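Participant: Starting from the known structure of chain P, arrange chain L on it as the hints suggest.
So the sequence lines, in the order shown, correspond to chains P and L.
Each residue of the first sequence is one higher than the last, beginning at 1 in our numbering.
Each residue of the second sequence is one higher than the last, beginning at 1 in our numbering.
In short, the hints are calculated from the structure, not lab data.
Remember, predicted model here, so these are calculated numbers, not experimental data.
C-beta: ideal position from N, C-alpha, C; glycine also.
Be aware that a few hints might be false.
Cβ-to-Cβ under 10 Å is the rule here; a few derived chain L residues that face chain P [as the list claims (entries may be wrong)]: (1) Gln-6; (2) Glu-41; (3) Gly-42; (4) Pro-43; (5) Val-44; (6) Leu-45; (7) Ala-78; (8) Ile-80; (9) Trp-102.
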Amino acid sequence: GAVVSQHPSWVICKSGTSVKIECRSLDFQATTMFWYRQFPKQSLMLMATSNEGSKATYEQGVEKDKFLINHASLTLSTLTVTSAHPEDSSFYICSARDSLTYNEQFFGPGTRLTVL
Amino acid sequence: GQQLNQSPQSMFIQEGEDVSMNCTSSSIFNTWLWYKQDPGEGPVLLIALYKAGELTSNGRLTAQFGITRKDSFLNISASIPSDVGIYFCAGPLRDSNYQLIWGAGTKLIIKP
Numbered sequence: 001g002a003v004v005s006q007h008p009s010w011v012i013c014k015s016g017t018s019v020k021i022e023c024r025s026l027d028f029q030a031t032t033m034f035w036y037r038q039f040p041k042q043s044l045m046l047m048a049t050s051n052e053g054s055k056a057t058y059e060q061g062v063e064k065d066k067f068l069i070n071h072a073s074l075t076l077s078t079l080t081v082t083s084a085h086p087e088d089s090s091f092y093i094c095s096a097r098d099s100l101t102y103n104e105q106f107f108g109p110g111t112r113l114t115v116l
Numbered sequence: 001g002q003q004l005n006q007s008p009q010s011m012f013i014q015e016g017e018d019v020s021m022n023c024t025s026s027s028i029f030n031t032w033l034w035y036k037q038d039p040g041e042g043p044v045l046l047i048a049l050y051k052a053g054e055l056t057s058n059g060r061l062t063a064q065f066g067i068t069r070k071d072s073f074l075n076i077s078a079s080i081p082s083d084v085g086i087y088f089c090a091g092p093l094r095d096s097n098y099q100l101i102w103g104a105g106t107k108l109i110i111k112p
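This is chain L alone, in the form it adopts within the complex:
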């Protein structure tokens, strides 16, 4: 079945560093969504991608929809303490009622 492989599982970085994470699949997706979840909160949509090759920015965040439609990456530039959290990629299941499948998440930790 469809699966999303998200990496890395966690990242320890210094404040000010750039961050990169990605999701891959053996299946084709027509939408890629990137969410951030803070502890004890629901996920918040960061960026939605709808077209192969699309590159979209949201402030310091940039995400790209891979040209093969089987992958996507999320970059965060000049990380700040409030970037700490868990980042999830998600994509719609084929032939579903708009259900999403989820990557396992990337936990971002910023070293003091």
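Only chain P is shown next, with the shape it has when bound in the complex:
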């Protein structure tokens, strides 16, 4: 149980294009999903908290118009990196909180984004 999938697992795109990353909770309902960014050899950096049916809450310094988040259902959240630039290249990881557990978050396998 508690499986979270992410798609795609990796993507290479040209500068200026937009990229959508999907995060799905496969066997549980997730009222809350989180999007993280991780640079090499560093810990996870929370970008935003996504609540089903409402607007995402972004962390300080994260541009909401740059990183669009949509949490349209209890099992799906999407992150769209708009007009991507090389500095957006990173490892993006989502996590989902099982509505039935208290504080545990279950993570997707991550998406490696490379912007040329």
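Facilitator: Coordinates of chain L only, in the frame set by chain P:
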């Protein structure tokens, strides 16, 4: 603000040795979570602790929730090559929407 201090930053050990790492904070936590992350993968939850003093095992892994609620440790007994990776502690932010704050991680390297 709340912070988690995780140590050591890295460990070089021989296969078969026991490993110990810990997280401390100046703030009280009501939950401690331990995750392992392999290269190019998302973190995987190893152990969740919910009660002060709680000692929980998962195979060769044992974690304890400190009695003061300000610390936690993770032990790995008889390490094997697949234990290599980065281990993170995490705890929920006060007054947050279940957001976690993270330790900096402990990188475990096993010497051949």
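Participant: Now look at each hint and say whether the structure bears it out.
Facilitator: Right, here's what the structure says about each hint:
With its C-beta approaching chain P no nearer than about 9 Å, L/Gln-6 sits inside the 10 Å limit, and its interface hint holds. The interface hint given for L/Glu-41 is met, as the beta carbon of that residue sits about 6 Å from the closest beta carbon of chain P, less than 10 Å. With a cut of 10 Å, the hint placing L/Gly-42 at the interface with chain P holds, because the nearest CB-to-CB distance is about 4 Å. Checking L/Pro-43 against chain P: minimum C-beta separation of about 5 Å stays under 10 Å; hint holds.
A least Cβ separation of about 7 Å between L/Val-44 and chain P falls short of the 10 Å threshold, and the interface hint therefore holds. Residue-level restraint check for L/Leu-45 holds (minimum Cβ-Cβ distance to chain P is 6 Å; threshold 10 Å). The interface hint given for L/Ala-78 is broken, as the beta carbon of that residue sits about 27 Å from the closest beta carbon of chain P, more than 10 Å. For L/Ile-80, the interface hint is violated, since its Cβ never comes within 10 Å of a Cβ in chain P; the closest pair sits about 22 Å apart.
Interface hint status for L/Trp-102: upheld, as the beta-carbon distance to the closest one in chain P is roughly 5 Å, under 10 Å.
Checked against the numbered hints above, the structure violates hints 7, 8; every other hint is satisfied.
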